[in-house]
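Colleague: Respectively, the protein sequence lines represent chains A and B.
Numbers 0 to 524, taken from numbering that gives the first Met the number 0, label the letters of the first sequence in order.
Numbers 0 to 356, taken from numbering that gives the first Met the number 0, label the letters of the second sequence in order.
Source of the hints: derived by calculation from the structure; they are not laboratory data.
Each residue gets a CB set at the ideal place from its N, CA and C atoms; glycine is no exception.
Mixed in with the good hints, there may be bad ones.
In silico EDC-like links for lysine to aspartate or glutamate, alpha-carbon gap of 20 Å or less [unchecked claim]:
| hint | chain 1 | residue 1 | chain 2 | residue 2 |
| --- | --- | --- | --- | --- |
| 1 | A | Lys-476 | B | Asp-188 |
| 2 | A | Lys-9 | B | Asp-40 |
| 3 | B | Lys-244 | B | Asp-216 |
Derived Cβ-Cβ restraints for the label pairs, each shown as a range [stated by the list, open to error]:
| hint | chain 1 | residue 1 | chain 2 | residue 2 | range |
| --- | --- | --- | --- | --- | --- |
| 4 | A | Phe-387 | B | Asn-168 | 45 to 53 Å |
| 5 | B | Gly-317 | A | Ala-449 | 55 to 63 Å |
| 6 | A | Glu-375 | B | Ala-81 | 51 to 59 Å |
| 7 | A | Glu-53 | B | Pro-37 | 27 to 35 Å |
| 8 | B | Asp-183 | A | Ala-449 | 31 to 39 Å |
| 9 | A | Glu-385 | B | Thr-63 | 39 to 47 Å |
| 10 | B | Arg-213 | A | His-56 | 40 to 48 Å |
| 11 | B | Thr-297 | A | Lys-374 | 43 to 51 Å |
| 12 | A | Glu-204 | B | Asp-300 | 37 to 45 Å |
| 13 | B | Gly-346 | A | Glu-53 | 49 to 57 Å |
| 14 | A | Lys-33 | B | Met-124 | 37 to 45 Å |
| 15 | B | Arg-213 | A | Lys-474 | 28 to 36 Å |
| 16 | A | Ala-467 | B | Asp-136 | 41 to 49 Å |
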Amino acid sequence: MSNPLVDMQKPDVIFCIGTNMTECHPVAATGLKKAIARGAKLIVADPRRIGLAELSHLYLPLRVGSDTALLLGMAHVIAREGLIDEDFIKNRTTGFDEFFEHISQWTPEWAETITGVPAKDIETAAMWYGSTDKGAIYYTLGITEHICGVENVQSLCNLALMTGNVGREGTGINPMRGQNNIQGAGDSGALPNNYPGFQAVTHPEHQAKFKAEYGREIDLEKGITKVTALELCGDSIQAMLIDGENTLLSDPDREHCEHALRSLAHLVVIDIFLTETAELADVVLPATAWGETDGVCTNTERRVQRMRAAVPPPGEAKPDWWIICQIAQRLGFKGFDFDKPKPIFNELCRVSPIYAGLDWDRIENSEYQWPVPHKEHPGTPRLHEETFVNGRGIFSNVHYRDPAETISEDFPVWLTTGRRLQSYHTRTQTGRAQGIDYLLPEESLEVNPADIERWELADGEWCKMSSARGSINIKVKATNRSPRGTVFASFSFADVPVNLLTGSGYDPITHTAELKVCPVRLEPL
Amino acid sequence: MKDKIEIDGVEVTFAEGETILEVAQRHQKEIPTLCYDPRLDPFGGCRLCIVELEGARNPVASCTTKATPGMVVRTTTDTIEAYRKTLLEMVVSENREVDVSPLRGYASGELATLRDRYEINGHRMTGTTSGTNKTDDDNPFILRDYELCISCYRCVRVCAEQEGDHAINVMNRGFHTQITTEFDGLLKDSACTFCGQCIQTCPTGALGDKKALRAADQVGDTVPEKTRTICPYCGVGCSVDILTKNEKIVGIHPAMEGPANQGALCVKGQFAYDFVQHSDRLNTPLVRGDDGELHEATWEDALDKAAEGFRKVNAEHGRHSIYGIASGRAPSEAAYLMQKFIRVGFGSNYIDNCSRA
Numbered sequence: 000m001s002n003p004l005v006d007m008q009k010p011d012v013i014f015c016i017g018t019n020m021t022e023c024h025p026v027a028a029t030g031l032k033k034a035i036a037r038g039a040k041l042i043v044a045d046p047r048r049i050g051l052a053e054l055s056h057l058y059l060p061l062r063v064g065s066d067t068a069l070l071l072g073m074a075h076v077i078a079r080e081g082l083i084d085e086d087f088i089k090n091r092t093t094g095f096d097e098f099f100e101h102i103s104q105w106t107p108e109w110a111e112t113i114t115g116v117p118a119k120d121i122e123t124a125a126m127w128y129g130s131t132d133k134g135a136i137y138y139t140l141g142i143t144e145h146i147c148g149v150e151n152v153q154s155l156c157n158l159a160l161m162t163g164n165v166g167r168e169g170t171g172i173n174p175m176r177g178q179n180n181i182q183g184a185g186d187s188g189a190l191p192n193n194y195p196g197f198q199a200v201t202h203p204e205h206q207a208k209f210k211a212e213y214g215r216e217i218d219l220e221k222g223i224t225k226v227t228a229l230e231l232c233g234d235s236i237q238a239m240l241i242d243g244e245n246t247l248l249s250d251p252d253r254e255h256c257e258h259a260l261r262s263l264a265h266l267v268v269i270d271i272f273l274t275e276t277a278e279l280a281d282v283v284l285p286a287t288a289w290g291e292t293d294g295v296c297t298n299t300e301r302r303v304q305r306m307r308a309a310v311p312p313p314g315e316a317k318p319d320w321w322i323i324c325q326i327a328q329r330l331g332f333k334g335f336d337f338d339k340p341k342p343i344f345n346e347l348c349r350v351s352p353i354y355a356g357l358d359w360d361r362i363e364n365s366e367y368q369w370p371v372p373h374k375e376h377p378g379t380p381r382l383h384e385e386t387f388v389n390g391r392g393i394f395s396n397v398h399y400r401d402p403a404e405t406i407s408e409d410f411p412v413w414l415t416t417g418r419r420l421q422s423y424h425t426r427t428q429t430g431r432a433q434g435i436d437y438l439l440p441e442e443s444l445e446v447n448p449a450d451i452e453r454w455e456l457a458d459g460e461w462c463k464m465s466s467a468r469g470s471i472n473i474k475v476k477a478t479n480r481s482p483r484g485t486v487f488a489s490f491s492f493a494d495v496p497v498n499l500l501t502g503s504g505y506d507p508i509t510h511t512a513e514l515k516v517c518p519v520r521l522e523p524l
Numbered sequence: 000m001k002d003k004i005e006i007d008g009v010e011v012t013f014a015e016g017e018t019i020l021e022v023a024q025r026h027q028k029e030i031p032t033l034c035y036d037p038r039l040d041p042f043g044g045c046r047l048c049i050v051e052l053e054g055a056r057n058p059v060a061s062c063t064t065k066a067t068p069g070m071v072v073r074t075t076t077d078t079i080e081a082y083r084k085t086l087l088e089m090v091v092s093e094n095r096e097v098d099v100s101p102l103r104g105y106a107s108g109e110l111a112t113l114r115d116r117y118e119i120n121g122h123r124m125t126g127t128t129s130g131t132n133k134t135d136d137d138n139p140f141i142l143r144d145y146e147l148c149i150s151c152y153r154c155v156r157v158c159a160e161q162e163g164d165h166a167i168n169v170m171n172r173g174f175h176t177q178i179t180t181e182f183d184g185l186l187k188d189s190a191c192t193f194c195g196q197c198i199q200t201c202p203t204g205a206l207g208d209k210k211a212l213r214a215a216d217q218v219g220d221t222v223p224e225k226t227r228t229i230c231p232y233c234g235v236g237c238s239v240d241i242l243t244k245n246e247k248i249v250g251i252h253p254a255m256e257g258p259a260n261q262g263a264l265c266v267k268g269q270f271a272y273d274f275v276q277h278s279d280r281l282n283t284p285l286v287r288g289d290d291g292e293l294h295e296a297t298w299e300d301a302l303d304k305a306a307e308g309f310r311k312v313n314a315e316h317g318r319h320s321i322y323g324i325a326s327g328r329a330p331s332e333a334a335y336l337m338q339k340f341i342r343v344g345f346g347s348n349y350i351d352n353c354s355r356a
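Model the full structure from these sequences, guided by the hints.
Modeller: Encoded structure:
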């Protein structure tokens with residue numbers, strides 16, 4: 000997030016797109032509810048009539064995968080109506096003239112033909128967001144899990160840059176991160192393109208720095224992404240070390256994924272349960288869990304916080320860091336002689352400019368949001384206040400693209416996937432928490448009542464749902480949360496493996512899977 | 000006298016908009032409250048926070064009265080203390096019990112603490128009670144023990160103001176006052192999301208954490224210990240206290256001063272913690288044997304096997320045949336060492352985390 004969580008109470012116009020925040024980030028959503036109670040206007044763009052849509056003043060029910068078209072249409076109206084922030088554009092950005100030219104063709108009437116959202120509503124959204132000094136954008140995986148995830152994010156940046164809604168209280172471009180330390184995993188350098196602290200591996204200076212640090216020259220080329228690695232399993236990839244991810248259920252196209260992991264010569268999984276993924280491993284190493292492990296995590300607003308052990312682990316379970324050190328030591332790797340987490344975190348701080356002012360003791364009270372470039376620095380709750388990291392904000396002349404697969408005679412219904420309030424990811428945790436079943440005992444497919452009739456299904460009965468990759472059986476639930484022609488299911492339940500069906504394509508730059516769009520066919524069982 | 004008031008004979012400053020209670024609390028005055036939660040709009044329901052205000056005919060509720068320049072306030076006169084004691088006696092007399100388990104909720108001991116402070120032990124007022132338990136609500140999380148309700152409305156207000164859900168409200172008045180959902184039904188059939196905020200703000204334990212009470216039954220009667228940490232679910236990073244008894248996790252309290260949540264949690268952070276001590280946990284290393292099955296192994300054997308596999312693949316297929324996937328759920332030390340393992344060990348950037356799916 001460019002802005003801190005406390006800023007969520009401050010905007011006058013809130014634009015939420017592709018984020019089911021009341022279910023996926025419920026506590027963050029309370030901030031938006033307070034802003035609304037104070038008089039802020041809420042615009043929600045989402046294919047489904049989610050909880051946020053019910054709270055909104057303007058709801059834009061766009062067709063799945065059409066976000067770029069909607070955002071181009073909004074940019075067109077903001078420019079046409081003269082709602083741009085000329086000073087901001089002049090002082091802080093580059094490429095506006097070309098962008099202005101580019102968007103003149105993408106009218107809201109055109110956007111209506113792609114998105115299904117009435118042109119006048121696209122205009123209203125643009126007028127509201129373009130007219131305010133405090134407009135904030137919030138998004139989640141509904142924006143990024145598309146083949147055009149990068150264009151979607153760039154389109155949001157265009158809107159913020161042309162209206163100057165960046166770098167101040169109650170503004171910003173705010174992606175909500177989905178896991179308690181997914182930000183920290185990236186910060187720590189577990190990325191094929193970056194060393195710790197987002198230092199590009201392709202930069203010779205960084206290569207030299209880490210050669211000195213790690214005592215070995217590391218490739219100047221980027222590594223491959225996980226998606227590519229899974230593609231190459233059994234071919235050029237022969238061994239994997241997976242820490243705490245149930246890849247088999249969480250990733251698209253489960254059959255492909257299972258085949259990939261089975262074809263490895265060597266698979267080592269570190270986890271707290273014998274997950275579907277761990278069952279395929281040659282060696283499974285039991286890790287300590289949350290509540291048993293001292294360590295550091297970083298949240299969606301870049302706040303670096305301590306996690307603390309409260310109870311001893313079961314049996315012989317050991318912390319992840321200890322396990323990795325032990326394997327490394329057996330292979331003769333240098334720099335893995337740690338006996339507690341503190342010096343590991345302090346080493347991360349030492350090699351990462353964004354953490355340079357931090358250490359284990361300084362983050363005791365959760366005060367710091369990175370970047371914290373030196374010890375006297377108070378942290379950075381709000382990014383881009385004076386300047387952008389790369390100098391100027393760049394406008395992107397994006398084009399709309401259809402999803403990898405579009406509906407057809409064989410697969411005439413759009414399936415979109417996501418999470419629910421009561422279950423989390425593949426339910427390795429919530430599936431083992433007493434009481435959760437009372438609220439959500441099973442998965443069901445959310446179908447519009449008109450579609451139930453059309454495909455001759457029945458509310459509460461099972462149906463067969465098929466995509467180009469496979470079929471699953473799932474119970475039907477009639478609801479107006481799903482619009483006609485679009486159905487929804489979560490990927491949480493192992494007995495309804497929705498990710499057997501998904502996996503039609505990937506964003507070519509980020510390799511993020513298009514989990515939000517999958518044409519399917521529905522048949523009664 | 001601009002921006003100053005006098006409290007108990009001492010001149011103090013205040014900021015515009017501050018209430019007398021807030022100014023007094025900043026100056027370590029221990030004014031009793033029951034309906035007050037600093038996160039909520041002032042309510043003025045319990046009247047325990049009354050103070051004497053020079054020039055006012057009657058005592059005023061300090062939680063709803065804004066400080067204005069020149070006010071002269073007395074917080075603890077004999078008269079005020081007598082009022083407070085009588086009010087508390089009436090509140091206590093209505094309830095089935097006052098001493099409740101601290102596991103009912105974060106604030107559940109407030110009434111008992113005030114009863115002790117005002118040394119209320121007799122039964123000057125007995126007879127009429129208020130509140131009817133909602134015994135037919137079989138939800139596994141929230142106990143609705145309204146015989147302990149004192150109609151402070153903190154639950155109603157936290158649900159509306161903090162959570163924004165408006166799931167509960169007040170029915171009837173006087174002794175018949177009842178906190179309830181629409182159509183007096185079950186929480187499950189209301190707008191309730193089981194975030195637990197009502198439990199944690201309740202000052203008497205009328206609303207209680209059923210799950211914590213169940214867990215505590217199994218481990219005996221000791222005072223729970225608290226460990227401050229961060230919720231294991233989404234990326235918001237809510238601060239929580241894990242409650243433990245005899246090395247068993249028995250519940251979760253939100254951290255009221257948590258920078259990301261200020262006391263708020265959701266159903267997962269509040270109630271879905273018991274995966275940690277679940278019997279399905281892996282408690283020993285497993286190694287695949289010649290029979291193709293996974294078997295329990297010692298750490299020595301498992302680590303040797305893990306290392307040997309990487310050494311062999313590296314020798315046979317080269318350093319670009321090995322890949323690492325770090326977790327978005329493990330601490331940063333694990334992610335850092337995962338990337339270090341790949342970069343130091345194999346000189347490649349064949350490392351990613353689970354953020355692409």
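Colleague: Mind listing which of the numbered hints don't hold for this structure, in increasing order?
Modeller: none
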